[in-house]
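Student: These protein sequence lines are chains R, E and X, in that order. Mapping the first sequence onto the working numbering, position 306 (from 1) lands on 331, and the numbers just tick up by one. Mapping the second sequence onto the working numbering, position 22 (from 1) lands on 47, and the numbers just tick up by one. Mapping the third sequence onto the working numbering, position 355 (from 1) lands on 380, and the numbers just tick up by one.
Warning: the hint list may mix true and false statements.
If chains are identical, the list can't say which one is meant, so a pair holds when it fits in one copy or spans any two.
With a straight-line cut-off of 27 Å between C-alpha atoms, the simulated BS3-like cross-links for lysine-lysine are [what the hints assert, rightly or not]:
(1) K90 x K197
(2) K175 x K59
(3) K90 x K175
(4) K270 x K90
(5) K197 x K270
(6) K90 x K244
To be clear, the hints were calculated from the coordinates, so they are not data collected in a lab. These numbers come from a predicted model, not from an experiment.
Read off the chains here:
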Amino acid sequence: MDDTTIEPFVRNAWYVACWPDELDNGILARTILKEPLVLFRDPDGKASALEDRCCHRAAPLHYGKLVETGIQCGYHGLVFDGSGKCVDIPGQQNIPPMAGVRSYPVVERNRIIWIWMGDPALADESKIVPYPWHDDTAKWPYCKEVMHIKCNYMLMIDNLMDLTHLAYVHTKTIGGNPSAHVNAKMDIERTEHGARYIRWMDETTPPPTYVKGAGFKGKVDRWQEFEYVVPSTVVQWSGALDVGKGAHENREQEGFHLRILHAITPVTETTCIYFWSAANGYRQDDPKATVELYGEINPTFIEDVGIIEGQQARLDSDPNRALLGIRADNALSQARRALRAELERESGITAQAAE
Amino acid sequence: MDDTTIEPFVRNAWYVACWPDELDNGILARTILKEPLVLFRDPDGKASALEDRCCHRAAPLHYGKLVETGIQCGYHGLVFDGSGKCVDIPGQQNIPPMAGVRSYPVVERNRIIWIWMGDPALADESKIVPYPWHDDTAKWPYCKEVMHIKCNYMLMIDNLMDLTHLAYVHTKTIGGNPSAHVNAKMDIERTEHGARYIRWMDETTPPPTYVKGAGFKGKVDRWQEFEYVVPSTVVQWSGALDVGKGAHENREQEGFHLRILHAITPVTETTCIYFWSAANGYRQDDPKATVELYGEINPTFIEDVGIIEGQQARLDSDPNRALLGIRADNALSQARRALRAELERESGITAQAAE
Amino acid sequence: MDDTTIEPFVRNAWYVACWPDELDNGILARTILKEPLVLFRDPDGKASALEDRCCHRAAPLHYGKLVETGIQCGYHGLVFDGSGKCVDIPGQQNIPPMAGVRSYPVVERNRIIWIWMGDPALADESKIVPYPWHDDTAKWPYCKEVMHIKCNYMLMIDNLMDLTHLAYVHTKTIGGNPSAHVNAKMDIERTEHGARYIRWMDETTPPPTYVKGAGFKGKVDRWQEFEYVVPSTVVQWSGALDVGKGAHENREQEGFHLRILHAITPVTETTCIYFWSAANGYRQDDPKATVELYGEINPTFIEDVGIIEGQQARLDSDPNRALLGIRADNALSQARRALRAELERESGITAQAAE
Chain R
26 MDDTTIEPFV
36 RNAWYVACWP
46 DELDNGILAR
56 TILKEPLVLF
66 RDPDGKASAL
76 EDRCCHRAAP
86 LHYGKLVETG
96 IQCGYHGLVF
106 DGSGKCVDIP
116 GQQNIPPMAG
126 VRSYPVVERN
136 RIIWIWMGDP
146 ALADESKIVP
156 YPWHDDTAKW
166 PYCKEVMHIK
176 CNYMLMIDNL
186 MDLTHLAYVH
196 TKTIGGNPSA
206 HVNAKMDIER
216 TEHGARYIRW
226 MDETTPPPTY
236 VKGAGFKGKV
246 DRWQEFEYVV
256 PSTVVQWSGA
266 LDVGKGAHEN
276 REQEGFHLRI
286 LHAITPVTET
296 TCIYFWSAAN
306 GYRQDDPKAT
316 VELYGEINPT
326 FIEDVGIIEG
336 QQARLDSDPN
346 RALLGIRADN
356 ALSQARRALR
366 AELERESGIT
376 AQAAE
Chain E
26 MDDTTIEPFV
36 RNAWYVACWP
46 DELDNGILAR
56 TILKEPLVLF
66 RDPDGKASAL
76 EDRCCHRAAP
86 LHYGKLVETG
96 IQCGYHGLVF
106 DGSGKCVDIP
116 GQQNIPPMAG
126 VRSYPVVERN
136 RIIWIWMGDP
146 ALADESKIVP
156 YPWHDDTAKW
166 PYCKEVMHIK
176 CNYMLMIDNL
186 MDLTHLAYVH
196 TKTIGGNPSA
206 HVNAKMDIER
216 TEHGARYIRW
226 MDETTPPPTY
236 VKGAGFKGKV
246 DRWQEFEYVV
256 PSTVVQWSGA
266 LDVGKGAHEN
276 REQEGFHLRI
286 LHAITPVTET
296 TCIYFWSAAN
306 GYRQDDPKAT
316 VELYGEINPT
326 FIEDVGIIEG
336 QQARLDSDPN
346 RALLGIRADN
356 ALSQARRALR
366 AELERESGIT
376 AQAAE
Chain X
26 MDDTTIEPFV
36 RNAWYVACWP
46 DELDNGILAR
56 TILKEPLVLF
66 RDPDGKASAL
76 EDRCCHRAAP
86 LHYGKLVETG
96 IQCGYHGLVF
106 DGSGKCVDIP
116 GQQNIPPMAG
126 VRSYPVVERN
136 RIIWIWMGDP
146 ALADESKIVP
156 YPWHDDTAKW
166 PYCKEVMHIK
176 CNYMLMIDNL
186 MDLTHLAYVH
196 TKTIGGNPSA
206 HVNAKMDIER
216 TEHGARYIRW
226 MDETTPPPTY
236 VKGAGFKGKV
246 DRWQEFEYVV
256 PSTVVQWSGA
266 LDVGKGAHEN
276 REQEGFHLRI
286 LHAITPVTET
296 TCIYFWSAAN
306 GYRQDDPKAT
316 VELYGEINPT
326 FIEDVGIIEG
336 QQARLDSDPN
346 RALLGIRADN
356 ALSQARRALR
366 AELERESGIT
376 AQAAE
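Use the sequences and the hints to build the structure in full.
Tutor: Shown next as structure tokens:
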């Protein structure tokens, strides 16, 4: 077992399926954990996810259209409601009880549409990663994106859990000085559901964006906190306070604050969708600030995609070859261990359910 | 065995290889039943089909050119006549008896070029589906097309054998009212070599094309007849007569008549070529009528291609999963049974030949 | 075993990796014998080749950049020198002894960069095909190219070892009269490391290029000499002298002389890179002559690519089917035998090394 091993999927977990506005135009086709899905709002507005395959002749349902009672197959007109039940078969009165398609538990919370890919009986909403900042757009206006990437989703998690790459991948954007990243003080810990690290750069000159954002006059204490929640979410909080404000004890004070949600949803073993949102917690009254934030973050993440897709290509061609661990891998190794623990827990659940 | 099972190919059968004018520019490369072929007219003008692979160094013959004695390989100049016999090897007088490439029986009839893909000794021209209307272009001027589709050929046959899809797939073109299609009276029967159905819409208002075509003043009796001939042809006759003319007893009277030949030639298990011709039997003296007919039919068939290719993609990813039969599948099920009967007959022949 | 069999690669051999100027812009990524490589000049200017995969997290090194001490990985900054040794790991002082990537012996000679793909201990520079004409650009100004081709490399060698194809493939360029090629006198011989043939066309009218190049007034004795050196180089010398000068005894006299290096480096079993250079040994003082030479040769070789890629496609679909040998295959059969002898020798070496 190695830190680039392609792990099995965690099935009993909530994944980000889409942003709510991706359903604004009706039907959305998306593959998650290798399962083709069709997403739409049912007549009551509830986000729903069905397998994207009609039970009649296997036509993809996303070629169909929304009707009063659900989604209508675009081939022969069968209709399915949000629960997957077939509610109309043209040309016959009798709808056999087994007529229907698989549905998936879906929860819309914090302006995120989550989907449960495992056993519906185990879908526990309390396991959804809370992200309350999305609900307070006055204080946390945000921008967001959906990126389709040709890599195993854990390579994106690895990327977020090792910031030493900033100086090499992001030389044209946020890179900065290599030694600043490598020598930053790191606190790494396992959490109940993942791993967390915080990097502190104390008494440093704030970068221009920070000054512009928070009006700093002198030096600041800066931090970057990343928390991985198994299997596929990373919650980031970066910020800075004036030196002397006691940032280490209490970061919840006025200053520079940036919160980024990273959710990496597996499509196949070697492809994924990267959902990110970035919340501007410093110039909330200036709409331009959020636009500028998007303009800074999006090109940076595109830089990551290039190298990580290359990494995946190399891993594909020789997946079992050993790699060299280095000191900087510490946090990503903790994340990988947390994932493996969850996989073991899940295989225990599955074994139990099969008894 | 299911109605979407990918069946083996019927080998001992005539398939449409191409339209005659596809040979007007010389050499045509085409794959049928997974066999790469080169088609051309021999020096006498007879359409010929050879395997598209030189016996010398395996170069595709379709890179070559037509010479007086046949087709000349474009690599080292070997020449093959229409029977596949090698008639020239540059640099040597002696042509070994085994020098040659496989040839296929080809028959040009009714302005269609048919090919026999099985044992040449069994090629029986009486089994070619007759299509005499092509020969009477004064009475039946026609338009035609060649479409390359990413689906098993039987999915196209299914499509033609179940017209309930009209209301869902063809909403922008010929769709019309769903219940009209679903409730149309259907007579379905097995025939000696396939299956046939006729749908009657009696005493109905004719659609504008029909009125324009045949000058109807009042209501009509309409029909749509589709006859599937194993393995891959469907002959369609749609039309209408004034109410009171006794259409059910004798359709061969002046009125609106449209004949469509559908021939679906397998390329691989999941790709095919759709040859269709549509003959205008109502405004034969107006060349614009046939052009308009093409303009109506071609976009309609393109609508089918979209959803059927999607259906194939879903079947590919889980080919053995059971489907739900519905009432509207009746005619296509008859067609599938006719195909399977032929496959059983063929495996009997093959077994016999091997004894 | 057939003359189109896809043979295993000869590993213990020198292959052309690139032209020197391909390294002018820094880093070059190239796959040879299915191994992804990164090529660059080390700080001393020595051409180096490493596997294109960082030992840390498998990122392709060609995404990186050249630094003072070698090549720096573009993901987390590890640095490797030209020997593959890791010389820097950001964030840690200690570099473990096994940190490094595989390097390949590289020799730059005669303006060609050669790489040894086998056991480095066996890399014997005396086995490099000498090509001294590249070093005398006053007497032999040359043009060159790199072509990426979808065929097994031996299909390109076959092509060069059987010139009867000229009349069929190159009808628009250098083709000429089929019988002239087929009937040309051929002397074929096995050599220590390959096979060689020379074709003589005595007392013939020189083609226009020859007349323009060497000022011939009357008939000439022409030759085309091709020498295959195992596994993947063909050295060509074509030319003509005035009749009476005794060309058969001594070709090293003033006249028309053209030397072409053909080096075909395998990428995978079914793809290769074709490096060629063509040296103008007739109008050395006129720079336009070399430009014109490129303009004649490049389109000709592109004609070969088309048909050979088609040939590969046919071989792929039925690799074990027997082919028909003809008289014209003689020289290419000698070349194939030489290759097989080398493969047997190599498997002997390998067996010995494993004892």
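Student: Taking the numbered hints from earlier one at a time, note which ones the structure violates and give those numbers from smallest to largest.
Tutor: Checked against the structure, the hints that fail are numbers 4, 5, 6, while the rest are satisfied.
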